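Line order of the protein sequences matches chains A and B.
Going by my numbering, the first sequence runs without a break in its numbering and finishes at 307.
Going by my numbering, the second sequence runs without a break in its numbering and finishes at 919.
Don't read these hints as lab results, they were simulated from the structure.
Check each hint, because a few of them may be wrong.
Stated by the list, open to error - Below, a sample of chain A positions facing chain B; criterion: calculated Cβ distance under 8 Å:
(1) Asp22
(2) Val25
(3) Pro29
(4) Gly30
(5) Gly65
(6) Tyr68
(7) Glu72
(8) Arg73
(9) Leu75
(10) Ala80
(11) Asn95
(12) Ser103
(13) Pro107
(14) Thr226
Small disclaimer: the values here were computed from a predicted structure and weren't measured.
Glycine included, each C-beta is placed from N, C-alpha and C at the ideal position.
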Amino acid sequence: MIRLTSLTKRYGDTVAVDDLDVEIRPGVVTGFLGPNGSGKSTTMRIIMGLDAPTSGSATINGRRYHDLERPLHEVGALLDAKSVHPGRSARNHLRALAASNRIPPRRIDDVLDFAGITSVADKKVGGFSLGMSQRLGIAAAMLGDPGVLLFDEPVNGLDPEGIRWIRELFRSLATEGRTVFVSSHLMSEMALSADEIIVIGRGRLITQGTVGDLTASADGVVTVRAVDADRLANAIEVGGGHVERRNDGTLAVSSLNAEAIGRIALDAGVALSELTPRRASLEEVYMDLTADAVEYSSTAAPHE
Amino acid sequence: MSDRVTLASTTRAEWIKFRSVRSTLTGYLVTVVLTIGLAALITSAIRTHWTSTTELRRITFDPVSSSLGGTLFAQFAVGVIGILFITSEYASGSIRTTFAATPRRGTVMVAKLLVLSATTLVMAEVVVLAAFLLGQRIYQGVVPTASLGDGAVLRAVLLGGVYLTLLAILGFGLGLILRSQSAAISVFTSLLLVLPIIVIILPTSWQNTITKWEPSALGRAMMSPTPALDTFGWATGTLVLCLYVAAVVVTGIVLVNRRDA
């Protein structure tokens with residue numbers, strides 16, 4: 004369990020994390036979603052005790068990272084896959100980590116095998132591809148068999164095989180009752196691997212909930228086709244719906260659900276030939292939610 | 659037995675890290691080659707020209723410090739070992755992994771210092787002893803020699819190893835403050851090479867007061883059995899250098915605890 008309480012981090016005038024209050028529960032995969040520069044990595048570094056918050060706190064199982072007696076047994080993290088001395092072998096990197104937290108050396112072979120990098124264990128990390136480095140990072144995170152796992156953009160640089168492997172890994176780690184906290188700037192990725200999603204933008208919490216909650220909360224659009232479209236449109240507008248006429252003769256209705264529209268059509272005596280509710284995709288919901296929070300967005304070139 | 663993360667467990671981890679990169683071995687090899695190789699070169703040259711050396715030079719000649727002349731070059735090699743031991747962690751970002759494993763940063767730094775100073779001290783003492791013995795062997799029969807049986811001589815040779823160790827720690831401290839390999843190497847070489855050059859430009863009366871405070875002058879004071887008139891005695895020299903190094907290292911540790919990693 005990770006708990007962020009009024010977490011705030013400022014760099015001079017820039018607010019990287021703004022009064023964040025969330026709880027990341029064990030047993031599920033929690034996606035941490037936001038555009039680039041929205042404060043995801045900063046938040047993760049604060050959880051890991053690497054950056055000091057300006058105010059508020061981040062705790063793991065009720066304690067600050069600094070107060071953990073055997074940190075690698077409680078928290079495993081993959082923050083930046085390339086942050087290993089390039090001249091050191093994968094095995095020696097893991098040996099040093101194991102020694103610091105008194106993890107038995109046999110565990111090193113286990114995690115190398117688990118991450119599928121046993122064959123390159125004695126090679127220098129500098130020659131690793133990003134995908135191999137990600138696997139080494141995951142091996143390092145699993146070294147102490149921790150109950151809480153943090154992954155910052157873990158899918159970057161992985162091939163499709165690796166992506167599938169990592170999704171299944173998150174799933175099985177969560178099933179084992181661990182807390183799995185995964186950041187990404189890609190909604191499509193989170194839609195596939197996360198159970199719960201926390202969306203932030205400009206360091207602020209935008210929304211939090213299950214994948215289902217997020218799409219349900221978004222306004223769906225119902226496509227309606229009727230012989231007498233004009234009469235139906237009037238009736239719907241009277242009934243409180245918003246109608247947009249499409250070129251193909253259908254009506255796009257928002258603010259009313261399919262059931263209400265069907266009732267209005269019945270009352271108005273208009274025969275319907277189509278009534279199709281369409282739920283917004285998670286991607287659309289995300290784009291909608293973060294539209295105001297994108298730090299660098301492209302705009303049309305200014306006119307002279 | 660406690661299974662917590664302690665100074666002992668962190669020191670074991672740092673020892674593995676120190677040994678497992680090539681730059682450490684390279685740095686020590688350069689130290690060996692420079693100290694012993696230059697001892698052979700310098701003492702052979704002195705022996706060759708001894709008959710043509712002036713009487714004044716012969717009287718003030720010191721067989722100990724002349725055989726340890728290589729340390730003035732080897733000091734850069736050990737300094738770089740110390741610098742790289744910390745700046746490579748910042749360059750690669752592995753410092754975050756290190757601090758995640760041992761959240762108490764002071765513990766990490768003390769562990770690194772233990773590994774760096776113990777290894778460098780053992781290595782440097784062997785090297786200066788070898789350089790001294792080789793030098794005396796070359797001098798033998800022509801140039802006056804010194805013996806380790808003489809307390810002052812033994813002390814001067816052993817302090818040669820201490821001097822190199824302190825400079826490795828100085829390099830580490832500068833690396834910790836600056837977090838950049840190139841910046842730390844620039845400052846380190848400036849302190850040892852450029853500072854003395856600047857002092858030469860100053861008026862003579864100032865030179866005499868300032869020169870003896872320079873790290874390399876402190877090294878000369880430590881490595882001569884009989885101190886020259888313009889330097890500190892060995893004890894004061896060692897103490898002043900220790901204070902310099904302590905000031906730099908303490909500043910580094912204070913900063914590392916304050917800064918975001």
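Against the structure, the hints come out as follows:
1. Asp22: 19 Å, violated
2. Val25: At about 21 Å, which exceeds the 8 Å cut-off, the nearest Cβ of chain B leaves the hint on Val25 (chain A) violated.
3. Pro29: 20 Å, violated
4. Gly30: 23 Å, violated
5. Gly65: 16 Å, violated
6. Tyr68: 6 Å, holds
7. Glu72: 4 Å, holds
8. Arg73: Holds, about 6 Å.
9. Leu75: Interface hint status for Leu75 (chain A): holds (6 Å vs cutoff 8 Å).
10. Ala80: At 6 Å from the nearest chain B Cβ, Ala80 (chain A) passes the 8 Å test, so the hint holds.
11. Asn95: 4 Å, holds
12. Ser103: Since the shortest Cβ distance to chain B is 4 Å, the answer is holds.
13. Pro107: 10 Å, violated
14. Thr226: The hint is violated - Thr226 (chain A) has no Cβ within 8 Å of chain B, the shortest such distance being about 51 Å.
In this structure, the hints that do not hold are numbers 1, 2, 3, 4, 5, 13, 14, in rising order.
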